[in-house]
Amino acid sequence: MTNGYSESIIEVAGLPIQVRRGGDGPTVLVLHHETGNPGWLEFHNALSARRDVILPTLPGWDGTERGDWMRSVRDIAAVCALLLDELGVADVTVVGLGFGGYVAAEMATANQSRLDRLVLVNAMGLQPEDGDIRDQFLEAHADYVKSCFADPANFTALYGEEVSTEQLVAWDANREMTARTAWKPFLYSQTLPHLLRNVNTPTKVIRGSEDSVVPTTVANQFVELLGDAELIEINGGHHLESDAAESLAEAIVG
Amino acid sequence: MHLMYFTEQPMSAYDEHAAEEGVTALLFSNSNFDPVAGSQLYNDRLTEYKLAEEVGVDGIMLNEHHNAPFCMQAKCNIWASVLAGATERVKIVLLGNPLPLADNPIRLAEELAMIDMISGGRLVSGFVRGGGTEQLATGVNPAYNRERFEEAHDLIVEAWTRPGPFRWEGRHYQHRVVNPWALPMQQPHPRIWIPGVLSRETVVWAAKHRYPYIALNTTIEATKRIWQTYDDAAHEVGYDPGPENRGYLLRVHVADTTEKAMQNASQFMWMQGEFTGLAHPVWSNPAGYASPRNREALVEVMNGRRPPPRAQSFDNQIENMQIIAGTPDECIRKLRTILEETRPGILALWGNDGRVTHEDSMRCIELLGTEVMPALRDMGAELDLDGPFDSNPPVSIAYDETARARAASSAAASGD
Chain G
1 MTNGYSESII EVAGLPIQVR RGGDGPTVLV LHHETGNPGW LEFHNALSAR RDVILPTLPG
61 WDGTERGDWM RSVRDIAAVC ALLLDELGVA DVTVVGLGFG GYVAAEMATA NQSRLDRLVL
121 VNAMGLQPED GDIRDQFLEA HADYVKSCFA DPANFTALYG EEVSTEQLVA WDANREMTAR
181 TAWKPFLYSQ TLPHLLRNVN TPTKVIRGSE DSVVPTTVAN QFVELLGDAE LIEINGGHHL
241 ESDAAESLAE AIVG
Chain D
1001 MHLMYFTEQP MSAYDEHAAE EGVTALLFSN SNFDPVAGSQ LYNDRLTEYK LAEEVGVDGI
1061 MLNEHHNAPF CMQAKCNIWA SVLAGATERV KIVLLGNPLP LADNPIRLAE ELAMIDMISG
1121 GRLVSGFVRG GGTEQLATGV NPAYNRERFE EAHDLIVEAW TRPGPFRWEG RHYQHRVVNP
1181 WALPMQQPHP RIWIPGVLSR ETVVWAAKHR YPYIALNTTI EATKRIWQTY DDAAHEVGYD
1241 PGPENRGYLL RVHVADTTEK AMQNASQFMW MQGEFTGLAH PVWSNPAGYA SPRNREALVE
1301 VMNGRRPPPR AQSFDNQIEN MQIIAGTPDE CIRKLRTILE ETRPGILALW GNDGRVTHED
1361 SMRCIELLGT EVMPALRDMG AELDLDGPFD SNPPVSIAYD ETARARAASS AAASGD
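As they're listed, the protein sequences go chains G and D. For the first sequence, counting from 1, position 178 maps to 178 in my numbering; every step adds exactly one. In short: position in the second sequence from 1, add 1000, done, that's my numbering.
Simulated from the structure, these hints should not be mistaken for lab results. Careful, some of the hints might be misleading.
Straight-line C-alpha distance at most 35 angstroms; calculated DSBU-like pairs for lysine-lysine [as the list claims (entries may be wrong)]: (1) D:Lys-1334 <-> D:Lys-1224; (2) G:Lys-184 <-> D:Lys-1260; (3) D:Lys-1260 <-> D:Lys-1224; (4) D:Lys-1208 <-> G:Lys-184.
Negatives, chain D to chain G, calculated, CB over 12 angstroms [stated by the list, open to error]: (5) Gln-1040; (6) Val-1082; (7) Gly-1139; (8) Arg-1171; (9) Gly-1304; (10) Arg-1336; (11) Tyr-1399; (12) Gly-1415.
Virtual Cβ for every residue (Gly too), placed ideally from N, Cα, C.
Sequences and hints are given; from them, build the entire structure.
Structure follows, in structure tokens:
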């Protein structure tokens, strides 16, 4: 155990999944953005004060082994569901951040029996009724990631004044994983809205007031489709877990 | 030697202030496109290609780009079809069809077979991965570019050579019935040449298939390194490559005076300056498109840590002979150095670009065909630079029994 969490490797579908886990209480699975897993942040600390937090690195992201066969977000969702089986946890709250929210929604459509709650934070996965999900392939990595933060200071706190080459390489490899799994349609599913109609797991749909990646209409669409969902807006950008760590953790737990 | 004429077919007929928008190629608005001027430019090109045949070039090289003001060919098979009917002798050399962009390689196989038959067996069917920007311009997943390239190639060759009907269940392509009625006239299939500029993997892939590799406007030193990589891979599969395996594309503008030639040749900078063309740092290498071993260098370029490549000045490019310009005699002298240093059996002369006028383009082609190319042929004979149509090697390693026997024997000796 270091810094309040432990690290382990759990094999799922032949892939070694890197898992960080810390805290006590009901289990919360946190799924990271498509830009990668920056590690155990203040947000995870705040959450783990009252919850058993499981933070996997999605396979293929941040230098972990990728499955060449894994070519859709639904494949990732299946891996995450099987990870919960391997960990033997039940009544799980699944928190999905951005792209992770897309994965979480896919998990819910496949099997809700293990889920206690769903929290979709600036979630992708639905075609926006108005606007488009930002096309990161047209801009440099650092520019895109900066745009995910409402407060540039939060970007700098995480990645420094000058982003390391190692981090740029990781973002590019993560961007490749995004292409491999969510290229077309780009970061949304055409079948998910139909399947979500039967999801009645209590859900919090959380939207950052300054999300520059996912149009605001998407949160409304999730609320309309899901059987038991409430909309919460928090001040901050797409990476709300950095822009508003405490208030996001509070919204999830409260 | 096989001597070709090439132009990128630039669309330079737009308001000169449009470039001030500050975006290039992919996002340069097509509201700047003028179809009336486009029609004129296409027909000028046709006149130029016909002149090229008339003055004796061996082949006309065609290519394809998308959302690109520097290249009006959105589909090289269209121009190949036009030339199949409008010319009588020249080889129609496609360098080439971007295979990953094809969702239906069978249809591509049919189109190419038709071009080959209509032209009376004059098609050279080059294949490319397509630039990174092409993937974005056509919505094709860059992360599967190489997989799609290799599988589409395998399927097309199979469709050309294996009697149908048969079934194809691949990773990217599934066809329950493969049985195209139209088949190429050339047997076992048209020659396949592979052009490229950067990717080591593609050089090795071409060499292992025994396909000629055409180095696109690389420096002399880079070209030599490409040949070393190619030769090593060729030896592994059992053959000794020669000039017939080596092609080179070079920008060469000829005019009656040095001054005129230099003035027109400076237009080659048009796509490297006003339009950065393929070299936009972010769009040219979308994630997953390039080899992972180049990732570090590429992200540093994309994020402004290193200058992008291909940014040499006109003077530098004249100096290192990436651009050759002058009177026929001046060009011939420099081209001798190129031939001696790089020993290609296939040479494509990229004559005109940017805003060079139709009149000057015609004169350049005339001088290339009547003065420069005859001298190059003499040099080629002197330097033993036979091209594939001189030495007639097998079209691929699959038809090179000697190489395959040597590779098998070598593998047996090493205990593999």
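When the hints from earlier in the document are held up against this structure, which numbers fail? Hints 2, 7, 8, 9 contradicted; others consistent.
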